[in-house]
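Chains S and X supply the protein sequences, listed in that same order.
For the first sequence, numbering that gives the first Met the number 0 begins at 0 and goes up steadily by one.
For the second sequence, numbering that gives the first Met the number 0 begins at 0 and goes up steadily by one.
Everything labelled a hint here was simulated from the structure, so no lab data went into it.
Since the structure is predicted, the reported quantities are computational estimates derived from the model, not experimental observations.
Please note that the accuracy of each hint is not assured.
[As the list claims (entries may be wrong)] Label-pair distances were calculated between CB atoms; the ranges are:
{"no.": "1", "chain 1": "S", "residue 1": "T61", "chain 2": "X", "residue 2": "E58", "range": "26 to 34 Å"}
{"no.": "2", "chain 1": "S", "residue 1": "Q47", "chain 2": "X", "residue 2": "E58", "range": "34 to 42 Å"}
{"no.": "3", "chain 1": "S", "residue 1": "Q47", "chain 2": "X", "residue 2": "E125", "range": "26 to 34 Å"}
{"no.": "4", "chain 1": "X", "residue 1": "N74", "chain 2": "S", "residue 2": "T2", "range": "45 to 53 Å"}
{"no.": "5", "chain 1": "S", "residue 1": "T48", "chain 2": "X", "residue 2": "S21", "range": "29 to 37 Å"}
Glycine included, each C-beta is placed from N, C-alpha and C at the ideal position.
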Amino acid sequence: MATTNASISISSDIMSYPVSINKTMTMKKAGSCHGLDETSGLNNTKKQTETAFKLFGNAEATTLKASKVYIRNTGSSKTDFFYIGYGEDLAAATIETIGRLYGGDWMLIPWDAVAATSHDIYAKASTAEVMTIEYMAFIE
Amino acid sequence: MATTTATVSISSSDLQPGNTLSINASSTLMQTGLTTGLEIMDMGASTATVAGGPDALHEALGTVDTANYMYLCNNATDDTFYLQVVLHDTVIGRLYAGDWMFTPWNMSDAAAEWAIEAEVGTCPYEYAFFKSTYTLPISTQGDASATGGGTLNP
Chain S
0 MATTNASISI
10 SSDIMSYPVS
20 INKTMTMKKA
30 GSCHGLDETS
40 GLNNTKKQTE
50 TAFKLFGNAE
60 ATTLKASKVY
70 IRNTGSSKTD
80 FFYIGYGEDL
90 AAATIETIGR
100 LYGGDWMLIP
110 WDAVAATSHD
120 IYAKASTAEV
130 MTIEYMAFIE
Chain X
0 MATTTATVSI
10 SSSDLQPGNT
20 LSINASSTLM
30 QTGLTTGLEI
40 MDMGASTATV
50 AGGPDALHEA
60 LGTVDTANYM
70 YLCNNATDDT
80 FYLQVVLHDT
90 VIGRLYAGDW
100 MFTPWNMSDA
110 AAEWAIEAEV
120 GTCPYEYAFF
130 KSTYTLPIST
140 QGDASATGGG
150 TLNP
């Protein structure tokens, strides 16, 4: 059994009082006290295309479990971004698109790896300029 | 200009034998395509129950395809309790007790709302949304001033 901890810290002065969120989780298997013990490993990929590409295939994990994925745009541009979403059809008006990762942005989400291509996780760059994405799955 | 910073640290000494994992990343959250910080946020806490069914955590009422972010944490303590997290009609994943998530959200379509549902147990949860744009829902009371009622915008 492995122990993997993930901590988040969010600070903001949007409100008239300071907002500070701090949480730590230990990544566990579904309904269990045992830690996730499989991973895709940390990947780092450079892309120079606006064509969507797969980060994680549904067959890498099991549906109805507690898998998680971490993704980060390692760039610094605040105008160029990666769309991230479920399925290959990622674009502005596609509901399966989750969001935009601008330079430096990251995400850590649970992943229900339903056995269908609709639950493959894809990225799509907003530009054909060189961009780099870092990603890792914590798998059950 | 407001400044909102989100930082993550992921560590494990035994997930990959012989290779200690240490990921550290930080991002300052900006408005869509700008170097101006986000100015709109919502945060709150509540409890989801199995009997309560699915709840819309946040509707997509801002400008479509923009830079927005969501934080959500399941504060339950029983390892078997979890929230199912859904974007429109796509199940994103299960957030078990103690788990948190942080994700961008581009409000790709008016139907792209976030929903949660407690599938097992009673799950206290907390959330925060940081947004580039947002439009408040239309009041169900209509224009109160036109009907002799109180004035919302005197």
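Hints, verified against the model:
1. T61/S to E58/X: 26 to 34 Å: holds (32 Å)
2. Q47/S to E58/X: 34 to 42 Å: holds (37 Å)
3. Q47/S to E125/X: 26 to 34 Å: Given a distance of about 40 Å, which is not inside 26 to 34 Å, the answer is violated.
4. N74/X to T2/S: 45 to 53 Å: violated (21 Å)
5. T48/S to S21/X: 29 to 37 Å: holds (30 Å)
Going through the hint list in order, the structure does not satisfy hints 3, 4.
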